[in-house]
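Colleague: Every position in the sequence shown, counted from 1, becomes a number in the working numbering once 91 is added.
One or more hints might be untrue.
Result set (BS3-like, lysine-lysine): computed pairs, CA atoms no more than 27 Å apart in a straight line [unchecked claim]: (1) LYS177 <-> LYS246; (2) LYS246 <-> LYS148; (3) LYS258 <-> LYS246; (4) LYS148 <-> LYS177; (5) LYS258 <-> LYS218; (6) LYS246 <-> LYS218.
Calculated from the structure, these hints are not laboratory results.
None of the values given here were measured: they were computed from a predicted structure.
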Amino acid sequence: MATLFIADLHLSLHEPAITAGFLRFLRHEAVNADALYILGDLFDAWIGDDDPQPLHKTVAEALYELHQHGVPCYFVHGNRDFLIGKRFARQSGMILLPTETVCDLYGRRVLILHGDTLCTDDHAYQKFRRRVHNPLIQRLFLLLPLRLRLSIAEKMRSTSRHANQHKSQQIMDVNPEEVIRRLRHYQVNTMIHGHTHRPAIHPIITENLEAQRAVLGAWHHEGSMIKVTEHGLDLIIFPF
92 MATLFIADLH LSLHEPAITA GFLRFLRHEA VNADALYILG DLFDAWIGDD DPQPLHKTVA
152 EALYELHQHG VPCYFVHGNR DFLIGKRFAR QSGMILLPTE TVCDLYGRRV LILHGDTLCT
212 DDHAYQKFRR RVHNPLIQRL FLLLPLRLRL SIAEKMRSTS RHANQHKSQQ IMDVNPEEVI
272 RRLRHYQVNT MIHGHTHRPA IHPIITENLE AQRAVLGAWH HEGSMIKVTE HGLDLIIFPF
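Required output: the full structure, derived from the provided sequences and hints.
Modeller: So this is what it looks like as structure tokens:
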């Protein structure tokens, strides 16, 4: 058996092929797993659990079907869907996890996270992240009318795209020292994350630390998952 990890699907009404690929993945791959972990950005945007968008219902029903088959699904918030709350979790059967979680997989301690908190060289983004993760700001945002929330989210995405065009690739990648700091803090030698859209398994060898960092890819024209078994972990790219 195996435990599967995915991230950065960015599901939206504008990308029906990705949604269809995800639903097939749930029916044919995830259903046979010990567990499924979604490490953020399942959706391209999330403005509240009360958003009646049909896509949300479709995905919730598919995830709940997985839950009914006895496969637990765990979710770590991403930078696009950090407002997913308890209501959607109940509807989908997902178990919401903290920003950083250490799980025991077949005798291996693994640190899992979305990955944006590792990009500490991107000071502007980290400042923005602290602001939007303020519980008071989130509560006030969710009190706004749905249409206004949608307008704000669209403006924020547009601003983010424009800002990223002027940032170097290095700034938007993880900070190596931050990665090592987290590994040592949690006393683990395996980390799995997404966010950067740069799928790879990186060996880390420093003084007193031998570890690996596994990075999930985004779902664009193909899918990406990490499969963890008692024998180790593999990065798998597959067609929809």
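Colleague: Are the hints correct? Go through all of them and say.
Modeller: Hint check:
1. LYS177 <-> LYS246: The hint holds at about 26 Å.
2. LYS246 <-> LYS148: holds, 25 Å
3. LYS258 <-> LYS246: holds, 19 Å
4. LYS148 <-> LYS177: holds, 15 Å
5. LYS258 <-> LYS218: holds, 15 Å
6. LYS246 <-> LYS218: holds, 18 Å
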